[in-house]
Amino acid sequence: MPLNVQPNFHDPDRRRFRDYSAGDDFYELLIEAHRGLDEAQSAKLNARLILLLANHIGDLSVLREAVELARERD
Amino acid sequence: MGESLRGSSPHAAHRPKFAYRRPPELGAAAAVRHPVVVVGAGPVGLAAAIDCRLKGLPVVLLDEDDIVSIGSRGLCYAKRSLEILDRLGCGDPVCAKGVNWNVGRTFFHEREIYRFDLVPEPDHKRPGMVNLQQYYIEEYEVERAQAVGVDLRWKNRVVGVDPHADHVRLDVETPDGRYAIEAQWLIVADGARSPLRRLLGLDVEGKVFRDRFLIADVVMAADFPAERWFWFDPPFHPGQSVLLHRQADNVWRIDFQLGWDADPDAEKRPERVIPRIRAMLGDDREFELDWVSVYTFQCRRMAKFRHGRVLFIGDAAHQVSPFGARGANSGFQDVDNLAWKLQLVATGRAPDRLLDTYSEERVAAADENILNSTRSTDFITPKSGMSRVFRDAVLELAERHDFARRLVNSGRLSMPTVYEDSALNTRDTDAFAGAMVPGAPAADAPLEEDDWLIDELGGRFQLLLFVDHAGELPRPVVDALAVLDRLPIPVESIVIARHAGGAVANTRVLVDAKGVAAERYDGRSGTVYLIRPDQHVAARWRRFDLASIRAALGRATGHDAEV
Chain A
1 MPLNVQPNFH DPDRRRFRDY SAGDDFYELL IEAHRGLDEA QSAKLNARLI
51 LLLANHIGDL SVLREAVELA RERD
Chain B
1 MGESLRGSSP HAAHRPKFAY RRPPELGAAA AVRHPVVVVG AGPVGLAAAI
51 DCRLKGLPVV LLDEDDIVSI GSRGLCYAKR SLEILDRLGC GDPVCAKGVN
101 WNVGRTFFHE REIYRFDLVP EPDHKRPGMV NLQQYYIEEY EVERAQAVGV
151 DLRWKNRVVG VDPHADHVRL DVETPDGRYA IEAQWLIVAD GARSPLRRLL
201 GLDVEGKVFR DRFLIADVVM AADFPAERWF WFDPPFHPGQ SVLLHRQADN
251 VWRIDFQLGW DADPDAEKRP ERVIPRIRAM LGDDREFELD WVSVYTFQCR
301 RMAKFRHGRV LFIGDAAHQV SPFGARGANS GFQDVDNLAW KLQLVATGRA
351 PDRLLDTYSE ERVAAADENI LNSTRSTDFI TPKSGMSRVF RDAVLELAER
401 HDFARRLVNS GRLSMPTVYE DSALNTRDTD AFAGAMVPGA PAADAPLEED
451 DWLIDELGGR FQLLLFVDHA GELPRPVVDA LAVLDRLPIP VESIVIARHA
501 GGAVANTRVL VDAKGVAAER YDGRSGTVYL IRPDQHVAAR WRRFDLASIR
551 AALGRATGHD AEV
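Heads up: the protein sequence lines correspond to chains A and B, in order.
1 is the number of the first residue of the first sequence in this note's numbering; add one for each residue after it.
1 is the number of the first residue of the second sequence in this note's numbering; add one for each residue after it.
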C-alpha cells in the first residue's frame, strides 16, 4: 500500500459536520502536547512520537516513502 | 479604535444620518411598558428588531448614535446569514451590492502554495460568501426596520437598567433629557463592550490574544481580482501574516498582523501604512488610503445569554477572533434562534423555559465558533517555537499534498451550527443518511418555477412530506394535516412531490423536479420532517404519525407534553 497523502484524519466515535474538524483536532492535540516544553524536550517528544507512529505503520515501503517526501524540501 | 483618514472617503460618503425625534414618553408621569425593547442598532440588533416585528411583536429599538457604523468592521457574510436576511426581507440588496468571491490563494514566503475554489455546490439560492461593508448592511436593515414598523429611536442612550421579575426598567438619555421606559423583554445587542452588560454587572469570560492587527481599507481603481489572498510570513512583511479581501466600491481590506509589541498609534500613521501597502502590491499602482485602525481581539463569551427578562445577542454575548468571519454571522444566527422563541413565550403559547434553550443552543454555537477561531488564530500566529516549526512544515507540505492543505488554517469560514445535542430535538427512531439530522439547519434545494425550498421555509413550524406524486397521500393523512394547522402552535404542511401533477386539499405542493430535495433530506416517499420557525430540523420520521408529530412539536416548544 502506498503512502496516503490524501486527507485521512477521522474520528469514528463522533459525527463530524465539517471536513476539517478531525484534522484540526489532531493539530491542536499535537501543539498542546508541546506546551511548556523547552526545545530539547520538544525534540525528544517528536522523536518518541515518530517512533511510536512508525511502528504502528510498520510497512517499510510506506515508511521509506514518507522519509523521502519529508526530506524533499531540505 | 480606528480613525478615518479622509473626510471624502467612500466610508464617509455612505453615512446617512438618521433623524432623532423627541420620544413620546419624555415628561410623562409614568413609564410606558413595551413588549420588546432592543438596545443597539448594529446589524444584529436591527435584525432582531425586524424579526420580532415580523412575528407581530411591537418593538422599540434604542441606539445611542444616529449614523450607521463607520470604518472597517464586519465584512464577510456567509450563506446562512444571507438566508436569514432573505427571511427578514433584506437579502436581495445585500447580495446585489456585495462582492461574490470563490477563489482563495495562500502564499508562504515568496511562493503561492495552493489555491482553493469554493465553487459553491450547485443548487443553492445563495452563494457561500458575500463581502460587503457593514455600513451598507445596516443601511438596508434600517430601511427594512422602518418599513415593518420598528419604533427606531436614535440618540437614545441607556444609562440605567433595573431588572424585575416581569419587566425591565430602563433610564434613557436623549438630547431633550431623560425618560424611563419599561420592557417586558429586553434584547441587548450593544456590542463587544456592551454598556448594558456592565450596568448589569455581568461577566464575559475567555482569552485575550496578545497580538495586534492593522486594518487598512484602500480604494484601488486597478483590476485586482475578487479573491481572498492570505500570506504567511511574506517577504514584504516578514514573520507575520497578511490578508487581502475585496469589498464593494473598489474598496480592499488589508489586514496586517503586527505582533504584540507594535505601537498602535505609530502603526496607524499614513507614513507607516502606505509603504507597507506599497511593498505588498509590489508595484506603483494607484491607491488611496480610506481607513486605518489597529485592533486586538478576544475569544470569550458570557456564561449564559439569558438573564431573566434580559437576552443577550451578538458581540454583547460572545466574541471571536475575526478569522473565519464568525462574528456578525453568528449574531444573525442568535437572532434566528431567539425571535420565534420569544414570540411563543411572549404570547403565552410556550413555557418560559423555551427561552433557556436560546441560551443553551447559542452557547453551544458560541463554543464552536470560539474553538474554530481560536484554532485559526493559533495556526496563523504560532505561540511557541515548536508550534511555528509544525505550522511551517504544514505549509511546505501543502504545496504538494492534499492532506496538508486541509490542515492549513487561515480561518474556518462560518457555517451554521448544528444543534446536535439540543433538548428541543426529537431523536431519530428511523434510519436516515445525510446531513439533515435533528438540529441541523434545513438545506436549500431548487424547485419548479425558479423557486427555492429555503424561501418556502421559516417563520412558523412546518411539516415537509416527501412523496412521489401528490395524489398518493392517503385520506387520513390529509385530514390529519388539517388538525396540525389548527393547533395552538399551528404546523403548516408542505408536500414535496418528486413528480408534478396532483393536488392536496388546503396544502401547498412543491415539485422537486431535479430530485435535489429528496437527495439532501434522504427523503424517499413517505418521509416526514418537522421544521422549526428558524428552519432547523426538529424531528423526522419515515412515516406519518400524528401523535409523534404532536409530541415532537411539544418537545420543540419546551412543553412537557404534546401540543
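Heads up, a few of these hints could be off.
[Claimed, not checked] Not close to chain B: a few residues of chain A, all C-beta gaps over 12 Å, as computed: (1) Asn8; (2) Asp19; (3) Leu30; (4) Asn55.
[Unchecked claim] Distance windows between CB atoms, simulated: (5) Ile50(A) to Glu448(B): 34 to 44 Å; (6) Leu53(A) to Thr347(B): 51 to 61 Å; (7) Glu32(A) to Asp430(B): 14 to 24 Å; (8) Asn102(B) to Leu29(A): 57 to 67 Å; (9) Leu51(A) to Asp283(B): 16 to 26 Å; (10) Gln6(A) to Pro122(B): 36 to 46 Å.
[Stated by the list, open to error] A short, non-exhaustive set of chain A residues, derived as facing chain B with CB atoms under 10 Å: (11) Tyr27; (12) Leu60; (13) Ser61; (14) Glu72.
Treat the hints as calculated values from the structure; they're not laboratory data.
All values derive from a computational prediction rather than experimental measurement.
Backbone N, C-alpha and C define an ideal beta-carbon position, used for all residues, glycine too.
- request: Would you pick out the hints that fail for this structure and give their numbers low to high?
  value: Of the numbered hints, 1, 2, 3, 5, 7, 8, 9, 10, 12, 13 do not hold.
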